[in-house]
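**Student:** Residue strings, one per chain:
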Amino acid sequence: MRPTLAEAILSRAAGRDVRAGDLVVVEPDLVMAHDSLAPAIVKIMREQLGVERVARPDRVALVFDHVSPASTTGTANAQNAIRRFAAEQGIRLFDVGSGICHQVLVESGLARPGTIVIGSDSHSTSYGAVGAFGTGMGSTDVALALATGRTWLRVPETVRVVCEGRFRPGVGAKDLALKIGRELTIDGATYCAVEYHGLEWLPLSGRQTLASMAVEVGAKAGIVPPSGEVARTREVPEWLVADPTVPVAREVRIDLDRLEPQVALPHAVDRVVDLGEVAGTPVDVVFLGTCTNGRYDDMRAVADAVRGRRVADGVRLLVGPASRAELARALEDGTAAALVEAGASLMPPGCGPCMGRHLGTLGDGDVCLSTGNRNFRGRMGSPDARIYLASPLVAAATALAGRITHPEEIGR
Amino acid sequence: MSARIWTFGDDVDTDQIVPGRYAPYMRPDEDVANFAFIEARPDFAADARPGDVIVAGRNFGCGSSREYAVEALVRRRLGAVVAASFARIFYRNAVNLGLPLFVSAEAARVARDGDPAELDAAAGRLVVRDGEVALPAPPPFVLEILRAGGIAAYVRSTGRFPGAAG
Numbered sequence: 001m002r003p004t005l006a007e008a009i010l011s012r013a014a015g016r017d018v019r020a021g022d023l024v025v026v027e028p029d030l031v032m033a034h035d036s037l038a039p040a041i042v043k044i045m046r047e048q049l050g051v052e053r054v055a056r057p058d059r060v061a062l063v064f065d066h067v068s069p070a071s072t073t074g075t076a077n078a079q080n081a082i083r084r085f086a087a088e089q090g091i092r093l094f095d096v097g098s099g100i101c102h103q104v105l106v107e108s109g110l111a112r113p114g115t116i117v118i119g120s121d122s123h124s125t126s127y128g129a130v131g132a133f134g135t136g137m138g139s140t141d142v143a144l145a146l147a148t149g150r151t152w153l154r155v156p157e158t159v160r161v162v163c164e165g166r167f168r169p170g171v172g173a174k175d176l177a178l179k180i181g182r183e184l185t186i187d188g189a190t191y192c193a194v195e196y197h198g199l200e201w202l203p204l205s206g207r208q209t210l211a212s213m214a215v216e217v218g219a220k221a222g223i224v225p226p227s228g229e230v231a232r233t234r235e236v237p238e239w240l241v242a243d244p245t246v247p248v249a250r251e252v253r254i255d256l257d258r259l260e261p262q263v264a265l266p267h268a269v270d271r272v273v274d275l276g277e278v279a280g281t282p283v284d285v286v287f288l289g290t291c292t293n294g295r296y297d298d299m300r301a302v303a304d305a306v307r308g309r310r311v312a313d314g315v316r317l318l319v320g321p322a323s324r325a326e327l328a329r330a331l332e333d334g335t336a337a338a339l340v341e342a343g344a345s346l347m348p349p350g351c352g353p354c355m356g357r358h359l360g361t362l363g364d365g366d367v368c369l370s371t372g373n374r375n376f377r378g379r380m381g382s383p384d385a386r387i388y389l390a391s392p393l394v395a396a397a398t399a400l401a402g403r404i405t406h407p408e409e410i411g412r
Numbered sequence: 001m002s003a004r005i006w007t008f009g010d011d012v013d014t015d016q017i018v019p020g021r022y023a024p025y026m027r028p029d030e031d032v033a034n035f036a037f038i039e040a041r042p043d044f045a046a047d048a049r050p051g052d053v054i055v056a057g058r059n060f061g062c063g064s065s066r067e068y069a070v071e072a073l074v075r076r077r078l079g080a081v082v083a084a085s086f087a088r089i090f091y092r093n094a095v096n097l098g099l100p101l102f103v104s105a106e107a108a109r110v111a112r113d114g115d116p117a118e119l120d121a122a123a124g125r126l127v128v129r130d131g132e133v134a135l136p137a138p139p140p141f142v143l144e145i146l147r148a149g150g151i152a153a154y155v156r157s158t159g160r161f162p163g164a165a166g
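Protein sequence lines correspond, in order, to chains A and B. Just so we're aligned, residue 1 is where the first sequence starts under the working numbering, counting upward by one. Just so we're aligned, residue 1 is where the second sequence starts under the working numbering, counting upward by one.
Chain A on its own, in the form it takes in the complex (with noise of 0.2 angstroms):
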């Protein structure tokens, strides 16, 4: 019987035939930490584990972008004491305003078709846009990797999401993540590697997107299998193949024909609706930005929709490209700027106000609609704030309306 892309991966590494339920100890193609976590792993890695010298720091990447650039004398501190480490132990560093970690390892290409990435972030899902088995892990999990070039993982068992047809106007691959949360719920993949079949011709940002979510719905891995555009701009193994047929642990069927845009309502994200049926809600707070959604598609698809006009009186739009390739892409064509000329705050490249620590922390009654993964209470600032998650294109319209509305009601 033909394996999952997950048990196909793992098998590879392990160099055994592995199943889901096995446990196996692989040695990791990558191993990622942010800034908001590295240094608790490199004190653990020295002080609980004994261990000076990272095992393979050529297999190593150490990524600032969680509080980028620093917003305390203790944060600046930190990344201070990261930039030694990184330095001495011959690591590679992807200091302030290079991006989100998961951006930046993707566009880079140390994220590759068919490799194992750990990181010390729980969206580390989001490898599987290129073919990866990505999995997020604590401190202690990233400091042994880092200690012994090695990680033990159980094999997971497959979720299969199935999608049929293409997005009609105005609905993209964040409806299709907020639904496959609607359906699957908040734990409804837990352990599980998620596999996303028929969407061969989706963009790498549109899977990126996807993949960012798996862990939203509890999974373990989300893969996309590599095909269309990840296929003609990467190497993929030839054993790399999905096997739409092979027996899974569960399997749901997405029209997307059907599909309309999703908002996710606070706090949870899987409290998804038709964007109808909150419609009007007055918003405080625009966040389009995030490993998620901050990539040159997501700003181009806003700045299309707002160019030429402002933002709602009262209405604070934030945008955080996720790197600094994806924001030079956004200044050389007019984006940025008619992003900032419809009334934009453009912020550097970073993970930005997601998990509440600065540039656009939400205070006490505000609402904000934003493009990330998580609203759940407190997330991005006061926990009396309120979270909606939608789609770049209804983050422009509801931007412009100052009220949650669908994309195809401000016209163009």
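Hints were generated in silico from the structure; no laboratory data involved. Cβ atoms here follow ideal geometry from the backbone N, Cα and C, with glycine treated the same way. None of the hints are false.
So these bits of chain B aren't anywhere near chain A, every CB distance computed over 12 angstroms:
| hint | residue |
| --- | --- |
| 1 | Thr7 |
| 2 | Asp43 |
| 3 | Phe44 |
| 4 | Ala46 |
| 5 | Pro50 |
| 6 | Ala108 |
| 7 | Arg109 |
| 8 | Asp113 |
| 9 | Glu118 |
| 10 | Arg125 |
| 11 | Arg129 |
| 12 | Ala134 |
| 13 | Ala137 |
| 14 | Leu143 |
For the chain A half of the interface with chain B, some residues (derived, Cβ under 10 angstroms), not all of them:
| hint | residue |
| --- | --- |
| 15 | Asp35 |
| 16 | Ala40 |
| 17 | Lys43 |
| 18 | Ile44 |
| 19 | His66 |
| 20 | Gly136 |
| 21 | Ser139 |
| 22 | Thr140 |
| 23 | Trp152 |
| 24 | Glu216 |
| 25 | Val269 |
| 26 | Cys354 |
| 27 | Met355 |
| 28 | Gly356 |
| 29 | Phe376 |
Fit chain B to the supplied structure of chain A, relying on the hints for placement.
**Tutor:** Structure of chain B alone, referenced to chain A:
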């Protein structure tokens, strides 16, 4: 003073356990214990005592990978978390740091917030005001890690990872 039960509902996310704004990166490391449920349940942050037991519904610990959510509970010397189910990364982090977790949907039906709690983790038994709940033992490899005191001690003492031969 005896240990007590703290009850929570379904889908307790890590932003409830320790909000990102209270991370060790943002505040001094040792403060994290004071921030356990600082906004979601301030009475827990103020009053939870060593040996207390959290009883919750499904999907406890969903959300981010932040190990400091577990660390905050370990530093408070929590007796155990008993939940109908756990989110993946939280479960792994808890095992790694030696925080006992038990999967039981029955506990949430029997235990009431504020109940006195008598936990016998080794025997797999939780006694509360209205009855007793059997706590199923974790899988053998998880028990081995917990007995070693966490994954760092386990790897240091055995020289291997769970699942590795010999």
